[in-house]
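The task is simple: from the sequences and hints, build the whole structure.
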Amino acid sequence: MQFLQLVITGVAQGCIYGLIALGFVLVYKATETVSFAQGELMMLGAFFGLAAMTLLGLPFWLSVLAAVAGMALFGIVLEALVIRPILGQPAFSIVMLTIGIGYVARGLVTMLPGIGTETHTLPVPYKDQVWNAGGLVLAVEQMVVIAATAVLCVLLFAVFRYSKVGIAMQAASQNQLAAYYMGIPVKRLNGLAWGLASGVAAVAGLLLAPITFVHANMGFIGLKAFPAAVVGGFGSLPGAIVGGLVIGLVESLAGFYLPEGFKDVAPYVVVLVMLWVMPNGLFGEKLRKKV
Amino acid sequence: MRFLFKTDYGQDIRLAKHGGHVFWYGLLCLWLLAAPWLLSEYLLAQLTFILIYGVVGLGLMLLAGFTGLFSIGHAAFFGVGAYAQAVLTGYGWPFPFALLAGAALSAAVGVVVGLPALRVKGIYLGIATLSFGFIVAEVFSRWESVTGGNAGKTVGAVKMFGWTADSAASFYFVCLVVAVLATLACLNLLRSPTGRAFVAIRDSEISAQSMGIHLARYKTLSFAISAALAGIGGALYAHQIRFLSPDQFDIVQSIDLLLMVVIGGLGSIHGAFLGAIFLIGLPQAISAVKDYLPQAIGQAPGLKAVVYGAVLVGFVLFEPLGLYGRWLKVRAYLQLFPFYRKGLFRRQKSFQKSERLR
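Those protein sequences? They're chains A and B, same order as listed. Per the numbering used here, the very first residue in the first sequence carries number 1413; after that it's consecutive. Per the numbering used here, the very first residue in the second sequence carries number 20; after that it's consecutive.
Just so you know, the hints here were simulated from the structure itself, not pulled from any lab data. Positions of the beta carbon are idealized from the N, C-alpha and C atoms, including for glycine. Check the hints yourself; a few may be wrong.
[Said to hold, decoys possible] Which residues of chain B face chain A? A few of them, derived with a C-beta cut under 8 Å, are:
1. Phe89
2. Val139
3. Tyr143
4. Leu149
5. Ala176
6. Pro320
7. Val325
8. Ala329
9. Leu331
10. Val332
[As the list claims (entries may be wrong)] Straight-line C-alpha distance at most 25 Å; calculated SDA-like pairs for lysine to any residue:
11. B:Lys309 <-> A:Thr1529
12. B:Lys140 <-> B:Asp275
13. B:Lys361 <-> B:Pro339
14. A:Lys1576 <-> A:Lys1675
15. A:Lys1675 <-> B:Ser160
16. B:Lys323 <-> A:Asn1629
17. B:Lys348 <-> A:Phe1504
18. B:Lys361 <-> B:Glu338
19. B:Lys140 <-> A:Leu1649
20. B:Lys309 <-> A:Lys1576
21. A:Lys1675 <-> B:Glu338
22. A:Lys1675 <-> A:Leu1550
23. B:Lys309 <-> A:Pro1525
24. B:Lys140 <-> B:Ser226
25. B:Lys348 <-> B:Arg221
26. B:Lys323 <-> B:Ile305
27. A:Lys1675 <-> B:Arg161
28. B:Lys140 <-> A:Ala1583
29. B:Lys323 <-> A:Leu1550
30. B:Lys323 <-> A:Phe1632
31. B:Lys36 <-> B:Gln354
32. A:Lys1576 <-> A:Ala1481
33. A:Lys1675 <-> B:Gly168
34. A:Lys1675 <-> B:Asn169
This is the structure we're talking about:
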């Protein structure tokens, strides 16, 4: 029973990691760059939702929609203004750039007088409710996380499998130049990928908010999503979720069965072992180069 | 100021390219030697920090700027050096031996990281080093018998062979000697076959390999040397700050170090020191202008992060070669004066080359 309880907690936490990792993978697949600002985008999304609920007084569902749409727009604008000018530079410049964006986002939120340095609770309708199912205590917040992640995955899967935009994105992700020659608007798709990633990050932020708190430094959790993305294979959408689940489970179980301190490093140990054993990750694409 | 048109190999690997170099670097050395008498105690301490971070920057520059391997966990090596120094001098080892032992330990840790890292490239390497940095930071805070844990560990003054660096000026000279030696070592390394192999690996792994460069050996070597330099910097840092705690060597510090070499200018030895000047100078500059800003902005807690981030974004967008690159451009402008045309250094590529197949 104890074990099952830990597994459920781990899965719920893993879904959050998975969602953030999904953001990395979306950006990576489309633009071959890694965004270190994903955690900060998540934080901004949570603050956006908080503002919509408390300042504007919107009902829960409307504020979720507003936060996701607002963050998606923010992602598109961010890509157009900041990321696009350095397209074609080594991937490392974009890493540094997104680290910088993360600093700015975190700093700006911290600078908001009276809001930035506080921790807030997101007033969600399912706060602190608990289900009892055969001896298991299921927190509704965690159930919502799992359900929302599942729905989001199905949606994204449908987009990439059946919609024209999704297929074009996959094409652009394989070879930008070739896709451009085939008439695919690569730049617009890059913007869209950033928008999508920011929207997903906003969802992750809104889901995480009831479990922890809304705080300017909550974006640091994004650093734990890197192991998730690597374990799953960096360029794979289902891999991101599976990787997130693995990391969440490992963390949850390590926190209980191993001595104190192992909980925080367990994800990183897993990622090092993973890189050592299977550098491509569980679902990684295997590419061969012809010389 | 002049650009040389090199006509033979000897010219290419000469340490001082022409008399101007000898003159200006000589002047710089004289000024550095006289600094304790010219600067106030406070500024001298800042200069010491610049030298220390410069040494660490040299290490990271060698790895990131010259070998093209990025480490987002360099604070770990920095910390290994610092704690090794703290422990060894605690046992009464003289400073030079403790420094070398710490550097060797850092280098060994660097090899341990470098070996598995050979299998992965690009962003995977970044994440591997990031993970390593997290693990080491956790070790620092948990291994209380050695590191003192979160309570911290105090470090004594530099002692060697009956002499103690008890004043700020004497420790400054210790740092100066180490920094100059480290810089000379790096310059000499870079003009040796090893250094040229590093640059070849950075520019193209496949061509380097086909020229007979053993990729694994040189990448590991680069990690080891880089870690050793970071460890030496850490040892000096331990003596300067006198109190070590694990949060000085966390991911934020690693990113600060990266920020330092990127802003200084990747791929140049000058860049390491320019970046160190920037990293030490920026907080001073912020606190200097803080009082003139409106209350709501100047006293806000996130100001430093915003300025750091904005500067980093600005540099990546507008000056990817960093401060040293800006200096080169100014110099090119002056030299070409009437013929300088706009857009001489404009970047051309607007597409991402696939890194997955590299």
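Hint by hint, here is what the structure shows:
no. : hint                    : result
1   : Phe89                   : 6 Å, holds
2   : Val139                  : 5 Å, holds
3   : Tyr143                  : 6 Å, holds
4   : Leu149                  : 7 Å, holds
5   : Ala176                  : 33 Å, violated
6   : Pro320                  : 5 Å, holds
7   : Val325                  : 3 Å, holds
8   : Ala329                  : 6 Å, holds
9   : Leu331                  : 3 Å, holds
10  : Val332                  : 4 Å, holds
11  : B:Lys309 <-> A:Thr1529  : 19 Å, holds
12  : B:Lys140 <-> B:Asp275   : 22 Å, holds
13  : B:Lys361 <-> B:Pro339   : 17 Å, holds
14  : A:Lys1576 <-> A:Lys1675 : 43 Å, violated
15  : A:Lys1675 <-> B:Ser160  : 14 Å, holds
16  : B:Lys323 <-> A:Asn1629  : 15 Å, holds
17  : B:Lys348 <-> A:Phe1504  : 22 Å, holds
18  : B:Lys361 <-> B:Glu338   : 15 Å, holds
19  : B:Lys140 <-> A:Leu1649  : 21 Å, holds
20  : B:Lys309 <-> A:Lys1576  : 52 Å, violated
21  : A:Lys1675 <-> B:Glu338  : 41 Å, violated
22  : A:Lys1675 <-> A:Leu1550 : 22 Å, holds
23  : B:Lys309 <-> A:Pro1525  : 16 Å, holds
24  : B:Lys140 <-> B:Ser226   : 16 Å, holds
25  : B:Lys348 <-> B:Arg221   : 23 Å, holds
26  : B:Lys323 <-> B:Ile305   : 7 Å, holds
27  : A:Lys1675 <-> B:Arg161  : 13 Å, holds
28  : B:Lys140 <-> A:Ala1583  : 23 Å, holds
29  : B:Lys323 <-> A:Leu1550  : 42 Å, violated
30  : B:Lys323 <-> A:Phe1632  : 17 Å, holds
31  : B:Lys36 <-> B:Gln354    : 17 Å, holds
32  : A:Lys1576 <-> A:Ala1481 : 21 Å, holds
33  : A:Lys1675 <-> B:Gly168  : 17 Å, holds
34  : A:Lys1675 <-> B:Asn169  : 17 Å, holds
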